[in-house]
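Chains as they are written, first to last, in our numbering: chain D, 4 to 366; chain Z, 4 to 366; chain B, 4 to 366; chain H, 4 to 366.
Hints in this document: simulated from the structure, not taken from any laboratory. Treat each hint with caution, since some may be false.
Repeated chains share a single entry, so a pair holds when one copy, or any two copies, can fit it.
List of simulated lysine to any residue pairs, SDA-like, C-alpha gap at most 20 Å [what the hints assert, rightly or not]:
1. 280 - 116
2. 207 - 264
3. 50 - 264
4. 361 - 120
5. 280 - 121
6. 364 - 11
7. 207 - 312
4 protein chains.
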Amino acid sequence: MAGNTFGQLFRISTFGESHGTAIGVILDGCPAQLPIDLEFIQSELDKRRPGQSKITTQRKESDTVQILSGTFDGKSTGTPIAMLIPNEDQRSKDYSHNTDVYRPSHADYTYDAKYGIRDHRGGGRSSARETAARVAAGAIAKLLLKHYGIEIFAHVSAVGKINAPNLEQLPVEELLTTREENIVRCADPATAKQMVDCIDAIRKDGDTIGGKVSCIIRNCPVGLGEPVFDKLHADLGKAMLSINAVHGFEYGSGFSGSEMRGSEHNDVFIAGSNTPKTLTNFSGGIQGGISNGMEINFTVAFKPVATIMHNQQTINAAGEAAEIKGKGRHDPCVVPRAVVIVEAMAALVLADHLLRNKTSKLD
Amino acid sequence: MAGNTFGQLFRISTFGESHGTAIGVILDGCPAQLPIDLEFIQSELDKRRPGQSKITTQRKESDTVQILSGTFDGKSTGTPIAMLIPNEDQRSKDYSHNTDVYRPSHADYTYDAKYGIRDHRGGGRSSARETAARVAAGAIAKLLLKHYGIEIFAHVSAVGKINAPNLEQLPVEELLTTREENIVRCADPATAKQMVDCIDAIRKDGDTIGGKVSCIIRNCPVGLGEPVFDKLHADLGKAMLSINAVHGFEYGSGFSGSEMRGSEHNDVFIAGSNTPKTLTNFSGGIQGGISNGMEINFTVAFKPVATIMHNQQTINAAGEAAEIKGKGRHDPCVVPRAVVIVEAMAALVLADHLLRNKTSKLD
Amino acid sequence: MAGNTFGQLFRISTFGESHGTAIGVILDGCPAQLPIDLEFIQSELDKRRPGQSKITTQRKESDTVQILSGTFDGKSTGTPIAMLIPNEDQRSKDYSHNTDVYRPSHADYTYDAKYGIRDHRGGGRSSARETAARVAAGAIAKLLLKHYGIEIFAHVSAVGKINAPNLEQLPVEELLTTREENIVRCADPATAKQMVDCIDAIRKDGDTIGGKVSCIIRNCPVGLGEPVFDKLHADLGKAMLSINAVHGFEYGSGFSGSEMRGSEHNDVFIAGSNTPKTLTNFSGGIQGGISNGMEINFTVAFKPVATIMHNQQTINAAGEAAEIKGKGRHDPCVVPRAVVIVEAMAALVLADHLLRNKTSKLD
Amino acid sequence: MAGNTFGQLFRISTFGESHGTAIGVILDGCPAQLPIDLEFIQSELDKRRPGQSKITTQRKESDTVQILSGTFDGKSTGTPIAMLIPNEDQRSKDYSHNTDVYRPSHADYTYDAKYGIRDHRGGGRSSARETAARVAAGAIAKLLLKHYGIEIFAHVSAVGKINAPNLEQLPVEELLTTREENIVRCADPATAKQMVDCIDAIRKDGDTIGGKVSCIIRNCPVGLGEPVFDKLHADLGKAMLSINAVHGFEYGSGFSGSEMRGSEHNDVFIAGSNTPKTLTNFSGGIQGGISNGMEINFTVAFKPVATIMHNQQTINAAGEAAEIKGKGRHDPCVVPRAVVIVEAMAALVLADHLLRNKTSKLD
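Work the whole structure out from these sequences, hints included.
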């Protein structure tokens, strides 16, 4: 079973290679009557598209999305919503010098071994360009969540060893504004400044750097997540790990929780409130795999981009030594453009579980 | 869609509550003709069962597994393999004092909110007892992987702040022997000693502590994993995050990879070998979501067990203040019993992707 | 992907061979809080079990069902409901003479070819005994449908060339009573008499005969069925064709509809009623794959049972001529016992689509 | 779970409305390295497209297909193959007079009830136009089957009460040629003449007529089909019943088999052949749900098209009486264009089961 489909009830299937005609997505299962705001979808894509600032790749793509089906008079009809994003700047000539070599830490070798086909024009399906289709579908997921009052916000919480302080409890609207005021998309302006400087220096070195994106979800209803395999955080984790370059996921107390004692980690309930709330939130808003109404939070670790501007020793398909030249266009750090991808995947998971939860008990 | 099924082609569905008649699993999709070694399955369960040492819960369960279907003359027949594990020591009276209260950082509240039913006999479906069914099915997955020469090994790599050194490149057989020589299941004897002492002290405090389990997979064929959503590490991540108490997952360079530069993180190919190998393995054996033939490695973070022997303030279903008494039986640290669960889930993911890869190209 | 699972949201997985320890089923996705009436489930199984009359096989099975999980205080909890039916009268010795031969029009050869394993004890997984598990799960589906007022009724509409007249518009309760007053389960007493005589004569000949089962569904809400592949009648058709010995399915005007003109076949709406009704019902209650609120009706054709009491020429696994003796126990006509299986499968399809429809539009 | 996806391993998702921008399909799971013959795909679409003869609708659509992804140098790459078919002749003005009325025996009412949205431009998603996407994907399935030597052939076996004689055992190539020599697509020339005359007369009446399509599959390997729910004929049946206007499906002896005795219906094996063959083929090439190597055959019943050129009484959305005018373009009989749709769906089922069978036993 091929793996280009995500979600059970709110389900997307993406297609398209970085150097083909177009990429796109079919979203099946969106409830009818949801207002589909094309401008909003495009604005989300604009946050992911290349060439938006000096610290992103200079590939030129307007990433203009077209809706081919599934809407009528500006609303979803219940039928599949197909969206298409033409590729404009394939420039596969940039890659013609790499026809026969395997780029280090790319997917060239593994795709060739798996499929017995080498599409030397570039990353093809393994390119992060595929995530534009996710962002388009994720934008519709966000519209659905908005209908239910659920808010999602992500930002860059680390670039290399530069870490942002924990987010204050500001409204999502405000966090979003602050984040978009800098090109690295960190909601803490002082840290953002350091991050931009760091990435710019790395870029001038022809090198790349890793980073982290952190995400919060507010106003999530209690009860989302399905025991036992489709726990909410397990599906969030899979969603995040399916994004290019992600090497780690943690939620709530995360890795640091493994160093804690139960007596300090347990989230004590506050008596007397209308709906149960807890004093602390080491559970990250999820208990037993099911949302508990507290803020959901998680962090995603991205490795540094593999394409660097240095010459590198490598091998060709015959296993012989070869050299790969540091040409082409690339991102010195992937996290500023990944913020909206993280949000999109989170929105897709939430939308799916929101629908799945509609049949948890008799009505 | 309820979430009690895992895997696409090698697929398990588990059932059963901690305080019901029995738990069990149906494994569908196991290829015919695989020798099914019941003793091996039982020996795997023995590594997970309660009461096996002073640092595990004292609940008495033999966890004796019966195969109800799907085998003939000791081999799989291609039909569903159903396995049953009766519950012997339900002792729900231990929980009778907690009928109406929500235990902190358990799933009592979220299950009640989701389903509108409070089964006050205990954790029910959210109990880690469910994982026994996974271990039974995972044992058959291991038998399938063994047929193809694939090896899986996990051990306790951290208890609280006590971390084991990185595993040496010893044979899996040897690592396994060393690991089983101590009750904490760490393959480094010196660290194991410290870990046991730590857990024992925590236990005497009536408290609990978190930890980590690390896993390696050797001799994995090149090509396992499906772009783009069902990347091998994304499915491993989901599998691990679906285990009770897991709060984090990382593979290859993991979270520390987010602090590295591309020029140091790229895994350079070694020229001249028969099948491509890399000098370093920051990719953790997976590139573009597909196994590359190098050792696969990942680490799983477990939070401390929520059941502690202290009295705790909490609330009841009406939201009123209540106290929960520190009674019952519990694990002071979950990782020694979790080692075999991590291996089982890894085996299930690998077995599934092994079968899925059979149709990646024309034969 | 193995095929032992049916349904998307209300989903069953069955297991077990006719000559193994037990058969059973896991039902996942049943909404919480549904009263689970064990006596009703057993009474449904009693209608399918062998040995119930002179015109069914004399194999002795009480088909006593046990619920292993998923209920508490008589209600569903939202977790998987596992049910077990032990095999009591395996008598595999009856089959010991057939170890090496392929019985004509059975699945002996195809299973052997597919799996490379010959379980010579009997039909194994291809035995209609498997359908007991479906009846148990279907009984719970009926309880869910009853909660929503939906009624299902099937009866034997043909044995060989003896056809029952079309059902009158009697209440389901009344039809059910009439049907259960004869051992062939036809709701028309006069026809039932002829059918019983026919089957009895066939039985004395050591032969078997085919037949048909017709089913109606009343009070089905408008809107069930998913375009375009999961049309309600497409899922009903698959459900029926998955029952042993079924060779045909038609709904509404069925095969005779292919001889009609549009001007006579179109179901004209009746003006002025609260909810749209049609004068005729050639559409069989389903338009565009979606229920329209009219009575749903369909008919299922069963071939004659392959096991006959005559000696038959056949071959063994080496392809050599062999003779198969007319021994063992068998049903001279499968339809009297199939009535409840047809109802069970219909109920499972309806329950699934009822849940699937919960997310068709925004609430 | 929305129902726009078909297949497990060889899986298609279709999208698009009859009066939107385009329709299309994503095919996921096609093994890499399959030659993708675009001309062949187009030639298949040409057999389905409107306006091809005097007995089909005069809607003008060239149905020109574009491949957007998933191929390189003329071969499949293992990634999703997306295909797009623009709509050229929407002419929604033809439907502007029907804005508010429900056409009899169409899906207008049921879609409106299910989704709460009335797209009055025409059939939208319920239009048979959607099947063009299936034909495009089915053409690739045929290419895969051809690689394994499997042949599929369908033709019109009945129009109204005019039935073609059973097909002789001619080569598929020859049957195909004969079929394409007449516009009704019946492989018996004498019957074809009668059928064309019948349809032409019906057309002049402004009426429509039903019919049947019969299909054979040759050289199907033994072993395709998955017990117990995904029997090969159950999946074929669902595939056929999902085609617009289909009201019945039978395979092998079909409905007439229900009138037979076991002693005449059993297919006796022929001793001494290399691979088991049977004297008769009442089983239709499938036993226990698994192909047995004999010719697979089945028949599909189509109701008459609901759009007729007569004025008809009906109701509007308020339930009031209304009249619908006999305008627009329509097919007087759907079967000539349905032949290639039946083949396409059969090919999709076979391709899926071919891949699914790759893991039935250890290799």
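message: To test your reading of the hints: which numbers does this structure violate?
response: Violated hint: only 3; rest satisfied.
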